[in-house]
Amino acid sequence: MYSIDRKFVALNVVLLVGAIAFLSVSESTYVTQLIVWSAINAVLAAGMRFVLLIGETNMACGAIYGFAAYLTAIGVTNGFDAVPLVVTIAALGGGVLGLLFGWVTLRVKGPYFMLIGFAFTEVIRLAYTRIDYVGGNSGMVGIYAPISLDRWMPAICVAVCYLLVIGFFAAEKSSFGSLMHAVRNNDKVVETLGVSALRVKLVCFVIAAVAVGAAGSIHAYSYHVISPGDFSFLIPVYALAYAKVGGERHVVGPVIGAIFLTVISQLVQGSGALQYVLFGGVIIVSMIGVRGGLIDIAKWVRCRYRIGGARLRVLKDPASGELG
Amino acid sequence: MALFVQLALNTLQAGSVYVLFALGLTLIFGVMGVVNFAHGQFFALGALLTSVLVPALHDSLGGSVAIAFVLSSVISIIVVLALAAAAYQFGFRRYLRDMVGSFILSVGMLLFFEGLFLWIFGGVPRVVPNIAPGELRILGAAIELQRLIVCAVAVAIGIMLYLMLGYTRFGRAVRATAEDAGAATLQGVRHKRTLLYGFMVGSFLAAVSGCLTAPLAVITPSVGNDYLIKGFVTIIIGGLGSIPGAIIGGFAIALLESVVGYYLDGTMATIGMFCVVAVLLLFRPRGMLGHVQH
Chain A
1 MYSIDRKFVA LNVVLLVGAI AFLSVSESTY VTQLIVWSAI NAVLAAGMRF
51 VLLIGETNMA CGAIYGFAAY LTAIGVTNGF DAVPLVVTIA ALGGGVLGLL
101 FGWVTLRVKG PYFMLIGFAF TEVIRLAYTR IDYVGGNSGM VGIYAPISLD
151 RWMPAICVAV CYLLVIGFFA AEKSSFGSLM HAVRNNDKVV ETLGVSALRV
201 KLVCFVIAAV AVGAAGSIHA YSYHVISPGD FSFLIPVYAL AYAKVGGERH
251 VVGPVIGAIF LTVISQLVQG SGALQYVLFG GVIIVSMIGV RGGLIDIAKW
301 VRCRYRIGGA RLRVLKDPAS GELG
Chain B
325 MALFVQLALN TLQAGSVYVL FALGLTLIFG VMGVVNFAHG QFFALGALLT
375 SVLVPALHDS LGGSVAIAFV LSSVISIIVV LALAAAAYQF GFRRYLRDMV
425 GSFILSVGML LFFEGLFLWI FGGVPRVVPN IAPGELRILG AAIELQRLIV
475 CAVAVAIGIM LYLMLGYTRF GRAVRATAED AGAATLQGVR HKRTLLYGFM
525 VGSFLAAVSG CLTAPLAVIT PSVGNDYLIK GFVTIIIGGL GSIPGAIIGG
575 FAIALLESVV GYYLDGTMAT IGMFCVVAVL LLFRPRGMLG HVQH
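So the protein sequences, as listed, match chains A and B.
Using this note's numbering, read the first sequence as starting at 1 and increasing by one per residue.
Using this note's numbering, read the second sequence as starting at 325 and increasing by one per residue.
Because the hints were derived from the structure by calculation, they are not lab data.
Keep in mind that the hints are not guaranteed to be accurate.
As the list claims (entries may be wrong) - Ranges between beta-carbon positions, derived for each pair:
(1) B:A466 x A:G272: 39 to 49 Å
(2) B:L606 x A:L149: 13 to 23 Å
(3) A:H181 x B:L487: 38 to 48 Å
(4) B:A409 x A:G272: 36 to 46 Å
(5) B:A409 x A:V9: 26 to 36 Å
(6) A:D132 x B:H515: 33 to 43 Å
(7) A:V14 x B:R517: 49 to 59 Å
(8) A:K173 x B:L606: 31 to 41 Å
(9) A:D132 x B:L385: 23 to 33 Å
(10) A:T29 x B:L327: 52 to 62 Å
(11) A:W103 x B:H515: 17 to 27 Å
(12) A:P84 x B:Q413: 48 to 58 Å
(13) B:G447 x A:L99: 33 to 43 Å
Don't be surprised by glycine CBs; every beta carbon is placed ideally from N, CA and C.
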């Protein structure tokens, strides 16, 4: 059973309050938007990592993310002003879509599950282009929060994203998290103990889908305009890149990866073809140069600082072979 | 009758290129356990170089367009193979049998190469002159002569690959490595060399299908992405790592595209393609002929 570390709680409360305070007083729209985009991407990446804990790659998160964004757009353009209610309904909608998709497809695994998710994201995107009610290829516009909330929206969005990432961490450290690790290691052994591996996978997938749905809803509020092109297979691909570049070992890794790559993508925005070259180049260099992700660099630096120039002591987890 | 023959000819022509492309993908997956998203970029580079070189060589050397096309294809394939060797040596070699890691690396390469091609070749769509003017009429249906030639070349390369994998020492090494890399090594198969050659053969198929597509389609730096999605659908239908599966899947996709595309439209054909995959996986979780498990 996971015991709550007071230092951990205090640190997170301070960080959350600090972020809310900064976003509430910040005058720079660009900086606040960058923080909100980073937070949304962090939830996507943490959701991707959460499903990776059961040994599967969730390429369907692009479809769930887009579905929740469209639910939000439909709600807002039809006059629903209650932001918490809209975000909750969109998140639950994402969860229901995840439940249906997972119930059908989690019977297959590995590359098949990955590629069917990839196909699902593309088919849902194409479906939007055929539905006139959601604007077809043009998408939907005018997704604004009530004016009274306008100033507070960045802070609310980041706070929700922060709590979602913390929620992933808590779920991973719970007894259910242990079950997820067990399923990843060997689902047959889990079955012999009377636990349905499929049910564990499904619950994990639906938890991730609800969080990704909430992120999709925040995306709609944040961008104000959505179109089918926003929800292509690149969404899960980028989420996976954030998780890998940041490091999968800890939930903080995907958050670091998301912030790093979101900032990089903004820096190279508008440089035309070079934007792809630089973004792709960063992913390649990160994958070849730092296999454990950016979080391992941070850990390495921390170890070195503590040891104070003495020979670096590298701890190794005998079970996983990962650096500890 | 003419309509059915026309649809069958369209299926055969499109399917032969899809099959070549998918054979490369499935071979790389079977041997290395790598889901290679950069495969579409090798295809795109083959097509782009051909589309640039054919007019240039035709103008400078004279002679027929067909000769310029053959020369351009050879040069394009050599360049693609050099790029593929570099991608393997500096990247994929470190992520063998790591599906997620190699996938992310290949996505990085996809973005990098797409940007690079956009920068070098520009975004303007390119068209290759007709390599064999004229058309043939079969049972009332018409097919361009160049499409027939492309189809014949694709089928010939497919048969050569099948024979090579089935009856040569290299083919047996590749199949043994795909089945069980450890056991293959114990039997004297040179593991690393087989993986490299397997990757190169897969990339060669991407380059060839790109060159063959160049005279038939409008070529842009993002042309590889469409083929990549279809290629993945093809190998899911056929079964990952299965050579006969890729052939069946390629023609199944082309048939669906031709028929649904004719009666409805291209978007519905793509949606239908994904629906077929979803239903198929419910009943055959490893595709029609899939047997490789990683």
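Hint check:
Taking 39 to 49 Å as the suggested C-beta distance range, the pair A466 (chain B) and G272 (chain A) conforms, at roughly 42 Å. Checked against the hint of 13 to 23 Å, the C-beta distance between L606 (chain B) and L149 (chain A) comes to roughly 44 Å, which is inconsistent with it. Judged by the Cβ atoms, the range 38 to 48 Å given for H181 (chain A) and L487 (chain B) holds: they are separated by roughly 47 Å. At about 29 Å, the beta-carbon gap between A409 (chain B) and G272 (chain A) misses the expected band of 36 to 46 Å.
Roughly 52 Å separates the CB atoms of A409 (chain B) and V9 (chain A), a value that falls outside the hinted 26 to 36 Å. A beta carbon spacing of about 56 Å between D132 (chain A) and H515 (chain B) contradicts the range 33 to 43 Å that was offered as a hint. The hinted window of 49 to 59 Å between V14 (chain A) and R517 (chain B) holds, with their beta carbons roughly 56 Å apart. Checked against the hint of 31 to 41 Å, the C-beta distance between K173 (chain A) and L606 (chain B) comes to roughly 35 Å, which is consistent with it.
Between D132 (chain A) and L385 (chain B) the C-beta distance comes to about 53 Å, which lies outside the given range of 23 to 33 Å. Distance hint check for T29 (chain A) and L327 (chain B): the Cβ-Cβ separation is about 58 Å, which falls inside the suggested range of 52 to 62 Å. For the pair W103 (chain A) and H515 (chain B), the supplied restraint of 17 to 27 Å is violated, since their beta-carbon distance comes to about 40 Å. The hint said 48 to 58 Å for the Cβ distance between P84 (chain A) and Q413 (chain B), and at roughly 53 Å that hint holds.
About 41 Å separates the C-beta atoms of G447 (chain B) and L99 (chain A), a value consistent with the hinted range of 33 to 43 Å.
When each numbered hint is compared with the structure, violations occur for hints 2, 4, 5, 6, 9 and 11.
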